[in-house]
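Colleague: Listed below, chain by chain, are the residues.
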Amino acid sequence: MEAFNDRNVSNGYYKLDIEDYPTTAWGKFKRVVRRTFRGELFVGLWVVMREMIKFDVHTVQYPLEKMPIGPRYRAVHEMKRLWESEAERCIGCGLCEKICISNCIQMDTKIDENSRKEVSEYTINLGRCIFCGYCAEVCPELAITHGGEYENGSEQREHYIDYAGMLTPLEMMTQGKQQEFEGFGAITPHEDAGVKKTPLSY
Amino acid sequence: MEVAYLIETIIKVVVVLTIFSALAGIGTYFERKILAFMQRRLGPMNVGPYGLLQVAADGIKLFTKEDIIPTNVVTNVFKIAPVITASTAFMAAAAIPFLPSFDIFGYTVNPIIADINVGILYILGIMGVGLYGPLLGGMASANKFSLLSAARGAAVFISYEVVTGLSILAPIMMVGSLSLIDFNNYQIENGWIVFNLYGVGFVAFILFWIAAFAETGRTPFHLIANDHEIIDGFGTEYSGMRWGLFFIGEYANMFFISFVIPLLFLGGYGDGSLLGALALLGKVAFFFFFFLWTRAAWPDVRPDQLMWLCWKVLMPIAVVNILIAAIIMI
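Residue numbers (our numbering), protein chains in the order written: chain A, 1 to 202; chain B, 203 to 532.
No wet-lab data here; the hints were simulated from the structure. Please note: incorrect hints may appear among the correct ones.
[What the hints assert, rightly or not] Ranges between beta-carbon positions, derived for each pair: (1) B:L254 - A:E19: 35 to 43 Å; (2) B:S223 - A:I18: 44 to 52 Å; (3) A:E149 - B:E431: 39 to 47 Å; (4) A:W46 - B:V522: 26 to 34 Å; (5) A:G27 - B:G442: 16 to 24 Å; (6) A:V32 - B:F397: 46 to 54 Å; (7) B:Q241 - A:E86: 49 to 57 Å; (8) B:P518 - A:E19: 23 to 31 Å; (9) B:L254 - A:L170: 42 to 50 Å; (10) A:I99 - B:I270: 49 to 57 Å; (11) B:L254 - A:D17: 43 to 51 Å.
Note that the structure is a prediction, hence the values are computed from the model and not measured. Every residue, glycine too, gets a C-beta built ideally from N, C-alpha and C.
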């Protein structure tokens, strides 16, 4: 994973020592002779032959094998549950609907019997979603996040995913397998050290 | 003419046609696989075990595709051009001895369709006619990329023919015959022509080999159908089996020239034993592999560079080579 995240190119750049083009006929002739007998063509032949013998194939046979994707990858959304109570984290604040720049999130809320706000409708139009990650960033409860499921082909371009489909299944909660999102809006490491007491003594 | 001879010839023609049509298909498989391995890929893997049935899939695709004749093309020329490429490639095979003669059920078979006395001249001439396919197809296509490709075809044509013709003059002077069987018999007695006459044979071999790349239009001289410069050149407007005929012609040409080079310079099938026959097939396999190998390794040259190379470098070397051969032989 470390190599995956390392996007720095190597520092091994150096300038090629390219000589000037010859201007005289004798110079051109000398260049032709030098190039002819330098054997660079055979170097090329040797390089490809070496790679064929080494047989160090880099193909990922995609539907059968898949590359690991980074934890910050922004694919189809997921709705998380609280670890303790296994209740939905979403409090129906509507910030994600508000910030969504392609207007693909639609939600409806109601007041439930405990007079708490509850989400009654929640859909994301994946045909419009541009996977910018703003919803996950703005969410105050870390409820809506991005998952790693990037294979979302379907017969319908505008295919909706609904709230139940995005919610972490309960059996995954009991197994403790819910994955926290590490992208924008997630808790950074050492967050606890930065927590301060609320200053009450004004 | 005897009936038996007629039947034998027809059988030989059919066998050569079927084997080399199939080889042209399998050649594409080998090309994809070897190029893929050299570029650290896997190549075709999904159709059949290790992608072996990819050839069949391609064949079905080519045969069942619609044969489109675009508007504004010169219809008759457009239709006949691929046939020229494919048919001349196979016609050239008539004078090539593919294997030494062998006995089957007490009947001696000479695996050459017609041992004519102008053998190599006929082969090179017919292979040269094959270039009319891209030329006419490109000019008839009403497409600027095809036209460019046809112009390049003409440039290639006038370049390499000089080198092929002059380079084999020295071996012909040694052998004193144009028949490939006489070439083979000469090399049984005097050793391979490559090593003959103090390097003259070697120079002729290298020149002919270089010209063979231009003749078949393979990578260092892959100018006529250069996909990354002029789309597919003369093949741009073709579809279905007409395009497939160009392809079969190109690959059959590669196989036939791979037969001709060892027969001319590398001892052919030797004394006619089984070992000699296998050695010839091994040499053919090497030359075919080399066509694919260079495609993975080498860059393409420009048309003007090819003409420069053929006229200003290779042709003088070929002429000097002939002179040296003549002086030595006197």
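Colleague: Look at the Cβ atoms of L254 (chain B) and E19 (chain A) and judge whether their distance stays inside 35 to 43 Å.
Modeller: violated, 49 Å
Colleague: Determine whether the Cβ-Cβ distance between G27 (chain A) and G442 (chain B) falls within the hinted range of 16 to 24 Å.
Modeller: violated, 52 Å
Colleague: Quick check: does the Cβ-Cβ distance between E149 (chain A) and E431 (chain B) fall within 39 to 47 Å?
Modeller: holds, 42 Å
Colleague: Is it true that the C-beta distance of I99 (chain A) to I270 (chain B) lies inside 49 to 57 Å, as the hint says?
Modeller: The hint (49 to 57 Å, Cβ to Cβ) holds, given that I99 (chain A) and I270 (chain B) are roughly 51 Å apart.
Colleague: If I claimed the Cβ atoms of L254 (chain B) and L170 (chain A) lie 42 to 50 Å apart, would that claim hold in this structure?
Modeller: holds, 48 Å
Colleague: Taking the beta carbons of W46 (chain A) and V522 (chain B), is their distance inside 26 to 34 Å?
Modeller: holds, 30 Å
Colleague: Using the C-beta atoms of Q241 (chain B) and E86 (chain A), is the stated range 49 to 57 Å upheld?
Modeller: Once the Cβ atoms are compared, 51 Å apart, the range 49 to 57 Å for E86 (chain A) and Q241 (chain B) holds.
Colleague: Falls inside 43 to 51 Å, the C-beta gap from L254 (chain B) to D17 (chain A)?
Modeller: holds, 48 Å
Colleague: Between P518 (chain B) and E19 (chain A), does the C-beta distance stay in 23 to 31 Å?
Modeller: holds, 27 Å
Colleague: Given a hint of 44 to 52 Å, does the C-beta separation of S223 (chain B) and I18 (chain A) actually sit inside it?
Modeller: holds, 48 Å
Colleague: Verify the CB-CB distance for V32 (chain A) and F397 (chain B) against the hinted window 46 to 54 Å.
Modeller: For V32 (chain A) and F397 (chain B) the Cβ distance comes to about 28 Å; the hint is violated.
Hints 1, 5, 6, counting from the list given before, are not met by this structure.
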